[in-house]
Amino acid sequence: MKHLISVQDLSRNDTLHILDTARELDRVTNGGSKLLPTLRGRTVVNLFYEDSTRTRLSFERAAKRLSADVVTFSAKGSSVSKGESLKDTALTLKAMGADMIVVRHPSPGAAHRLAHAGWLESSVINAGDGKHEHPTQALADALTIRAHLRPDAVDFDGLTIGIVGDVLHSRVARSNIFLLSSLGAKVVVVSPPTLLPVKIENWPCTVSYSLDATLPELDAIMMLRVQQERMNGTFFPSELEYSRAFGLNRARAASLPDHAIVLHPGPMNRGVEITAEVADGIRSVITDQVANGLKVRMAAMYLLIGGEVNVA
Amino acid sequence: MLPNSYLIVGSRAYGEQVADIRITDGIISEMGSDLEPGNLPVIQGSGLISLPALVDLHTHLREPGREDAETIASGSRAATLGGFSAVFAMANTTPVADTAGVVEQVWRIGREAGLVDVFPIGAVSVGLRGEALAELGAMAASAAKVTVFSDDGNCVSDPLLMRRALEYVKTFDGVIAQHAQDPRLTQGSQMNEGELSGILGLTGWPAVAEEAIIARDVLLASHVDSRLHICHVSTSGSVAIIRWAKEMGIRVSAEVTPHHLLLTEDLVSSFDPVYKVNPPLRSRADTLALREALADGTIDIVATDHAPHPHESKDCEWDSAAFGMLGLETALGVVVAAMAETPDWSWRTLSDRMSVAPARIGRAVNHGRPLAAGEPAHIVLVDPQRTREVVPAQLASLSGNTPYAGMTLPVSVTDVFFNGVHQVRGGALNG
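Same order as they appear, the protein sequences are chains X and F.
If you want the numbering used here, it's the 1-based position in the first sequence plus 979.
If you want the numbering used here, it's the 1-based position in the second sequence plus 18.
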């Protein structure tokens, strides 16, 4: 495997290998307190065409923990904002000797183009491409679910996981639906029809328009961010109406099974898709998702350009 | 000896009977068997199929304005190599072909290139803005004698403007060629809306955005009893509406592109913008419906929608890439490949759909004529046995955005006569 572009390119064994590697790397670094020399002398470029402090920092820290040289190239304040094409940026990075490019871009398929258009030979990790995919987020979520609900099992057979909100515009939802279902989970998508892609009935998930009816069967629930620009538009009548039907509040959280966990990929709109009480409550594993994001990003970098070096 | 005089021996006219064709001074003077060559140069046509040269009702030649992508001269070379004798050049140039001055310029440059007849299409609205009618009458009365009007690239989405355009062109037997795309339903659209667009995260272009405009416009054409032509039909639903309209006696004609007959949306999974086109590549079921409709005549013609773009407009990420594909030089081979397994398809039918009918819709009276004595010698010879690999760098077009690169097409154009001028020989331009 040279690139990580889409979770749909991962076999179930690939996914489990990444998750196992993430756990193992965490163990040998004592939870990240020790640096590994694996990527010493290798250059990892973070190429960010969208603002994303969280994801960018997570990739930077992951690369540094593996002793890589990290260059961050963000669209703001760079030649990108002067209209340089993706190709020309790629050629520049090639000339700089990038071994790996972590790219976030608003256009679906941008990471795929960087990997396959023949512009450069580096490994490419997709850190979010428009509405398409965000594979390391889904891997972080899978690692989180595994830690809380399936610590000793290999896969997610028997788990039912709800994904609630704007699936249409969400790369996190896409990657999670395909990844979690490939691990054996039953995925239930809960959303108003205006925020669902057409033909989602053919995807490996079921669809519900009622959050209340779905809650009692869920082992985990993932609340998606409602983008500010979708509110008060034509997708739903108002923020308030959305919250009433699809927001996770204390009363709703109470109808989840006792063991159920609450996830959110961040950043949250507190009071819209999730209330502060639930976000900060006992079921919330949101900060675990952040920690696990770092682990799976280390694992992905390690497996893509770390060669055959032994972890232990 | 008269110029532009030849004897083509042994080819099968329309892929049917073997017939020798005598060309005298640019006119087919005689057809029959065992014609005496006398002192005429003899063209060996045995094993080849002779057809009236093709007519393309929908071509983008990019001149004036984007001569980096194509010129009228380079587009004319691509057209004759593809077997065409006439092309209709779309109006979305810079400046827009919305005045008599611009259409006369296009017409004149086409005459100077001299390889095909270039018939300019006039814009329906000033600047393609969809607000006020362009000077349709002046363009019709110009030296270019414009009969086809289109805002192609944009839909005439205002129903009142569309009604007025349909009414107005009745005075000179014109036709409105509609690019059927509801702009609100296709804001930001990147590919066919379906299961795949959802998975790829690309904004969908729903079939209903095309079908709703066609349904509206056939009713408008019926109401004002005028002639409507639908550009690049791409969905099975559009076919059903056009079939119904024709049954109702509405004067509507329709075209399909070679790429919508052959290619399907699954190619978009590669994120390679060479497959980005408007309307988008559709599903397999749509493709099959389009083939059937072309065979039974519900769709009247094939039109290429030849859309050259410079390299950088496609060598980028999908969202930023331009819509459009080359078509002129590959049209015949692609249509043969696409239609191979469709019942009731023959060389005679192909000739109607790619020559006779487009000439009729565009009122190009000197084109799409039968292979018969007394007719102009616009003739294409096709080798049905010789395959051809598509190599972008070998195309005559200034651009290379063909989706067929590396594909092997089942037949080759070998020779083209334009007004009796033997200008394509052995698949290459003469001289």
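No lab work stands behind these hints, which were simulated from the structure alone.
Incorrect hints may appear among the rest.
Anything over 12 angstroms on all C-beta distances counts as not near chain X; from chain F, calculated [to be verified]:
#1 Pro113
#2 Gly132
#3 Gly216
#4 Val286
#5 Gly392
#6 Val439
#7 His440
#8 Gly445
#9 Asn448
Computed spacing ranges between beta-carbons, pair by pair [unchecked claim]:
#10 Ser288(F) - Glu1180(X): 23 to 33 angstroms
#11 Pro1183(X) - Glu34(F): 31 to 41 angstroms
#12 Thr1051(X) - Gly83(F): 16 to 26 angstroms
#13 Pro1172(X) - Ala258(F): 52 to 62 angstroms
#14 Ser288(F) - Asp1131(X): 25 to 35 angstroms
#15 Met425(F) - Val1177(X): 40 to 50 angstroms
#16 Asp362(F) - Gly1137(X): 34 to 44 angstroms
#17 Val409(F) - Val1050(X): 32 to 42 angstroms
#18 Met425(F) - Thr1185(X): 36 to 46 angstroms
Some but not every residue of chain F turned toward chain X, in silico, with C-beta under 10 angstroms [stated by the list, open to error]:
#19 Ile45
#20 Ser47
#21 Glu48
#22 Ser51
#23 Glu54
#24 Gly56
#25 Leu214
#26 Gly222
#27 Thr282
#28 Leu285
#29 Phe289
#30 Asp333
#31 Asp337
#32 Phe341
A virtual CB, placed ideally from N, CA and C, is assigned to each residue, including glycine.
- Check each numbered hint against the structure and report the violated ones by number, ascending. Of the numbered hints, 3, 4, 11, 12, 13, 14, 15, 16, 19, 20, 21, 22, 23, 24, 27, 28, 32 do not hold.
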